[in-house]
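Novice: Residue strings, one per chain:
Protein chains: 4
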Amino acid sequence: MRLRTIAEMSFDIAVPTPFLFMLRARSGYQQWVAREEYAFSSGVRAVEHTDIYGNLCQRLIAPPGTFELRTTADITTADHMDRAPGAPFVLIQDLPEPVLTYLLPSRYCEAERFNQMTGQIVAGHQPGYDQVQAIVDWVRSHIHYRPGTSNIPISAVEVNQQGQGVCRDLAHIAIAMCRSISIPARMVVGYLYNLEPMDLHAWFEAYVGGRWYSFDPTQPTLEGGYVAVGLGRDAADVAIYTQFGPPVFPLRQHVEVHRLDP
Amino acid sequence: MRLRTIAEMSFDIAVPTPFLFMLRARSGYQQWVAREEYAFSSGVRAVEHTDIYGNLCQRLIAPPGTFELRTTADITTADHMDRAPGAPFVLIQDLPEPVLTYLLPSRYCEAERFNQMTGQIVAGHQPGYDQVQAIVDWVRSHIHYRPGTSNIPISAVEVNQQGQGVCRDLAHIAIAMCRSISIPARMVVGYLYNLEPMDLHAWFEAYVGGRWYSFDPTQPTLEGGYVAVGLGRDAADVAIYTQFGPPVFPLRQHVEVHRLDP
Amino acid sequence: MRLRTIAEMSFDIAVPTPFLFMLRARSGYQQWVAREEYAFSSGVRAVEHTDIYGNLCQRLIAPPGTFELRTTADITTADHMDRAPGAPFVLIQDLPEPVLTYLLPSRYCEAERFNQMTGQIVAGHQPGYDQVQAIVDWVRSHIHYRPGTSNIPISAVEVNQQGQGVCRDLAHIAIAMCRSISIPARMVVGYLYNLEPMDLHAWFEAYVGGRWYSFDPTQPTLEGGYVAVGLGRDAADVAIYTQFGPPVFPLRQHVEVHRLDP
Amino acid sequence: MRLRTIAEMSFDIAVPTPFLFMLRARSGYQQWVAREEYAFSSGVRAVEHTDIYGNLCQRLIAPPGTFELRTTADITTADHMDRAPGAPFVLIQDLPEPVLTYLLPSRYCEAERFNQMTGQIVAGHQPGYDQVQAIVDWVRSHIHYRPGTSNIPISAVEVNQQGQGVCRDLAHIAIAMCRSISIPARMVVGYLYNLEPMDLHAWFEAYVGGRWYSFDPTQPTLEGGYVAVGLGRDAADVAIYTQFGPPVFPLRQHVEVHRLDP
Numbered sequence: 003m004r005l006r007t008i009a010e011m012s013f014d015i016a017v018p019t020p021f022l023f024m025l026r027a028r029s030g031y032q033q034w035v036a037r038e039e040y041a042f043s044s045g046v047r048a049v050e051h052t053d054i055y056g057n058l059c060q061r062l063i064a065p066p067g068t069f070e071l072r073t074t075a076d077i078t079t080a081d082h083m084d085r086a087p088g089a090p091f092v093l094i095q096d097l098p099e100p101v102l103t104y105l106l107p108s109r110y111c112e113a114e115r116f117n118q119m120t121g122q123i124v125a126g127h128q129p130g131y132d133q134v135q136a137i138v139d140w141v142r143s144h145i146h147y148r149p150g151t152s153n154i155p156i157s158a159v160e161v162n163q164q165g166q167g168v169c170r171d172l173a174h175i176a177i178a179m180c181r182s183i184s185i186p187a188r189m190v191v192g193y194l195y196n197l198e199p200m201d202l203h204a205w206f207e208a209y210v211g212g213r214w215y216s217f218d219p220t221q222p223t224l225e226g227g228y229v230a231v232g233l234g235r236d237a238a239d240v241a242i243y244t245q246f247g248p249p250v251f252p253l254r255q256h257v258e259v260h261r262l263d264p
Numbered sequence: 003m004r005l006r007t008i009a010e011m012s013f014d015i016a017v018p019t020p021f022l023f024m025l026r027a028r029s030g031y032q033q034w035v036a037r038e039e040y041a042f043s044s045g046v047r048a049v050e051h052t053d054i055y056g057n058l059c060q061r062l063i064a065p066p067g068t069f070e071l072r073t074t075a076d077i078t079t080a081d082h083m084d085r086a087p088g089a090p091f092v093l094i095q096d097l098p099e100p101v102l103t104y105l106l107p108s109r110y111c112e113a114e115r116f117n118q119m120t121g122q123i124v125a126g127h128q129p130g131y132d133q134v135q136a137i138v139d140w141v142r143s144h145i146h147y148r149p150g151t152s153n154i155p156i157s158a159v160e161v162n163q164q165g166q167g168v169c170r171d172l173a174h175i176a177i178a179m180c181r182s183i184s185i186p187a188r189m190v191v192g193y194l195y196n197l198e199p200m201d202l203h204a205w206f207e208a209y210v211g212g213r214w215y216s217f218d219p220t221q222p223t224l225e226g227g228y229v230a231v232g233l234g235r236d237a238a239d240v241a242i243y244t245q246f247g248p249p250v251f252p253l254r255q256h257v258e259v260h261r262l263d264p
Numbered sequence: 003m004r005l006r007t008i009a010e011m012s013f014d015i016a017v018p019t020p021f022l023f024m025l026r027a028r029s030g031y032q033q034w035v036a037r038e039e040y041a042f043s044s045g046v047r048a049v050e051h052t053d054i055y056g057n058l059c060q061r062l063i064a065p066p067g068t069f070e071l072r073t074t075a076d077i078t079t080a081d082h083m084d085r086a087p088g089a090p091f092v093l094i095q096d097l098p099e100p101v102l103t104y105l106l107p108s109r110y111c112e113a114e115r116f117n118q119m120t121g122q123i124v125a126g127h128q129p130g131y132d133q134v135q136a137i138v139d140w141v142r143s144h145i146h147y148r149p150g151t152s153n154i155p156i157s158a159v160e161v162n163q164q165g166q167g168v169c170r171d172l173a174h175i176a177i178a179m180c181r182s183i184s185i186p187a188r189m190v191v192g193y194l195y196n197l198e199p200m201d202l203h204a205w206f207e208a209y210v211g212g213r214w215y216s217f218d219p220t221q222p223t224l225e226g227g228y229v230a231v232g233l234g235r236d237a238a239d240v241a242i243y244t245q246f247g248p249p250v251f252p253l254r255q256h257v258e259v260h261r262l263d264p
Numbered sequence: 003m004r005l006r007t008i009a010e011m012s013f014d015i016a017v018p019t020p021f022l023f024m025l026r027a028r029s030g031y032q033q034w035v036a037r038e039e040y041a042f043s044s045g046v047r048a049v050e051h052t053d054i055y056g057n058l059c060q061r062l063i064a065p066p067g068t069f070e071l072r073t074t075a076d077i078t079t080a081d082h083m084d085r086a087p088g089a090p091f092v093l094i095q096d097l098p099e100p101v102l103t104y105l106l107p108s109r110y111c112e113a114e115r116f117n118q119m120t121g122q123i124v125a126g127h128q129p130g131y132d133q134v135q136a137i138v139d140w141v142r143s144h145i146h147y148r149p150g151t152s153n154i155p156i157s158a159v160e161v162n163q164q165g166q167g168v169c170r171d172l173a174h175i176a177i178a179m180c181r182s183i184s185i186p187a188r189m190v191v192g193y194l195y196n197l198e199p200m201d202l203h204a205w206f207e208a209y210v211g212g213r214w215y216s217f218d219p220t221q222p223t224l225e226g227g228y229v230a231v232g233l234g235r236d237a238a239d240v241a242i243y244t245q246f247g248p249p250v251f252p253l254r255q256h257v258e259v260h261r262l263d264p
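Residue numbers (the working numbering), protein chains in the order written: chain A, 3 to 264; chain B, 3 to 264; chain C, 3 to 264; chain D, 3 to 264.
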């Protein structure tokens, strides 16, 4: 399907504030960026680079005053996300080298704390895709999904204690659980068509059966309409924005996703 | 300045033909992509990746029939390219590691064949920027610039024999000469505002005084208005398109660059 | 100085167990590997790769029984680690791109939780090297260094709560504090000549004044004799070994460092 | 099998001369470095880095006088190189991204000049491994292998004209021919047990059937005993040494390979 994404953010800046944004979608295996626009308040000059995961990052200094950002893109994306029940677990010795990093614990995914719990949840499921599906089902039924945005991420252990979270939190706990049984897992942030309420979104991918597959613990079923903007080990790597100096929170964050094809 | 670039290409395809295109400008140190569109004949699906130099590459299969491509972008670029007469030669032992690859000979830049000739040309010039300028001046006055496109690249040695060439050829010989005196040099392809006649363009960068500087042997002076699309060791790395299977040549290649700001 | 390092580990393995080891020192800016040997129990076949930070990693399956590993190297390393009191803070916009990742929070360095505390500790110190030194001095005087090995890493927040830790823990809290004031910091694991008691060691580097400098909160002064084996964001990235499946702990870990030159 | 490799080189240096050496074998998929030593004339300090292909490179300044280098390693390598007659051609659209660069022409492999010739040579052979084997057979029977070392590499076109060459030259023409039919191919330099006369060696790998396979046009059959030291697009990338400034040739180059296991 063909989607138009729009994201607008504004901040009230007191002192010149360095930012790293990650809001430029890249064309990749599952999506093609046919059109995009990316603008800041006049006079701000951004420099873009590629991070260690291949994400495009925009570095800039926001000057005092209201700082606004708007990005929009027309993107062709998969009508249906690939699924592969039965896809087997990949032995550690057979994982491609770049995938290994997604087995390690990370800021918000304390994988090594979930060994026992995950073992019980996946018991009886075939190693691989079906285990990941069991984890997603468990998260969906045990961690209450509270849509919306929280500006202070919490870690998988904290998500488990609180029993609820935003999309990012549900992704974090699922990722931590996958890694705890030696299945590589990584976070994706971006857009989802028909997300309710509309906002930026986070989901995750797990490496089974020789490739990455997408999973989304916040949705009852996995449909199409996903647009990836960043991927990495967890929200520390793929924050929509990372800001340095005295904390600044968005005055406004507005997201739209429209379908362009009939 | 703010420029609008447009490139259109069409090919007459007989059998399904794999292509790699390099026509997506990236935002970087010297330019910001504020808007872009990139479209192919309907039904063609491209997958994008980043090459070893950081360029965005579009891989696709062109189906039989007329295959058309159109890309346009609005880009803020430098009004004036940085110059640094007197910037010193950087000792080999002080070059950053990623720069070292640009000292080696490459497909179209047989650097090791230009040692003696370059030594004579740069004699009396201060090691570094001034040597590169002397090389550019020599190329400008000894290799006749014939604007236009040639589909079969020739190497620096061949350019020297023929005494003439397109922009790519002049860049190749200048790069080979820089490397022959241990100055890292790399090719850039993209757009130049006010190029006559308008077309895609090629120039080069040399690493002196601790950073890359741009040079263009085809122009009498170095003004602004450059938009980089790809960079690499030479035209083998940064071909606008690389095509596999039976050779296919463009039916049409059309380029426009407009100035958007007053 | 010229050092001979020896590390021996043995494990009692019940089921075939995949391991990632990081025990091959690389020659780099500050050290040269003149000789090395690396051996496993007979019949074990390791495959080596380079991770995203440039570390050499050895991947293998340890078979049931006693699994032994021995590595030794003769390494020329700096007599004195570089110091640079007064080296300035580098503005976010001026940091080299590969350095930016070391500003982000990571598994054991919850940088964003140390903003206020670090602000008080570095108050009155010049931004840059002197702030890092103030952090190191604070850690040295407030976190009790308990030499030895703990197999379960704790995070900087936990280290602060406990008020004590092994070398890895002291590095983690110092790294978290540096990042909280926007100074890039990364973990280094390796060997230190004359460490008491002798063991593998961990320290950290901070990026100020345009390059990385070493700091070690466990030692009263920064002398020479350091041999780096791995570097990364924290102990999750540079674990001496990462093991998959049912937990296995070393039966024995033995380290020696001898001086070879007079 | 377990091999001991020894390489010694010496140069007579007139002025301080920067060198890049590539003489440190890395452990990888097909070999394990169990022991190594690497030494230069006393007082020379080398800094090592990893190039864009993953090779370890040693950068140094050789001072005036006799400069000597010695490196030795004990390496476990495959008894038999993998072969796969019938392994299929991989479609361009299915090649892994890092493999694409090995389709492009390079300094000594002018792939685009061999289209027609290669087409005739591989006619009637199944696309993939069998085509590469046909190319190797053609090179073996049409290009006379003259063992030894030549210090000035020639390109595949020149090798074809001369009808003879050293191991590097035979690899170059085979690589150029593979790429001309869209099979990725890359150069490997290293050691070969029982090579006659003993010297450093060069061979190549082609990507068919989903992985890299080794081929050696200089040997009547493909046996085991290969130790890879560097790999890249051609000899420009994987020179044993690259030297800057006035040309310096080795006074002496001595290589030994011994078998350590019975």
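Bear in mind the hints are in silico, worked out from the structure with no lab data behind them.
Since the structure is predicted, the reported quantities are computational estimates derived from the model, not experimental observations.
Any given hint could be a false lead.
Chain D is faced by these chain C residues, among others (derived, beta-carbon under 7 Å) [stated by the list, open to error]:
1) S29
2) Y31
3) R37
4) E39
5) V49
6) D53
7) D84
Okay, the calculated bits of chain B under chain D, using three or more residues with CB under 8 Å as the criterion [claimed, not checked]:
8) 47-58
9) 96-106
10) 197-210
Each residue gets a CB set at the ideal place from its N, CA and C atoms; glycine is no exception.
Novice: Hint by hint, say whether it matches the structure.
Specialist: For each hint, the structure was consulted:
Here the hint on S29(C) is kept, as its CB sits about 4 Å from the closest CB of chain D, short of 7 Å. With a cut of 7 Å, the hint placing Y31(C) at the interface with chain D holds, because the nearest CB-to-CB distance is about 6 Å. The beta carbon of R37(C) is positioned within 7 Å of a beta carbon in chain D (closest approach about 4 Å), and the interface hint is therefore held. Interface restraint check for E39(C): the shortest CB-CB distance to chain D comes to about 4 Å, inside 7 Å, so the restraint holds.
For V49(C), the shortest C-beta to C-beta distance to chain D is roughly 6 Å, which falls under 7 Å, so the interface hint holds. Proximity of D53(C) to chain D is violated relative to the hint, the smallest CB-CB distance being about 11 Å (cut-off 7 Å). Interface restraint check: D84(C) against chain D, minimum CB-CB distance 15 Å, threshold 7 Å, status violated. As drawn, the stretch 47-58 of chain B meets chain D at 5 residues by the rule of a beta-carbon pair under 8 Å; at three or more, the given contact holds.
Counting residues of the stretch 96-106 of chain B whose beta carbon lies closer than 8 Å to any beta carbon of chain D gives 6, which reaches the threshold of three, so the coverage claim holds. Coverage of the stretch 197-210 of chain B by chain D is violated in this model, with 0 residues showing a Cβ closer than 8 Å to a Cβ of that chain against a need of three.
Going through the hint list in order, the structure does not satisfy hints 6, 7 and 10.
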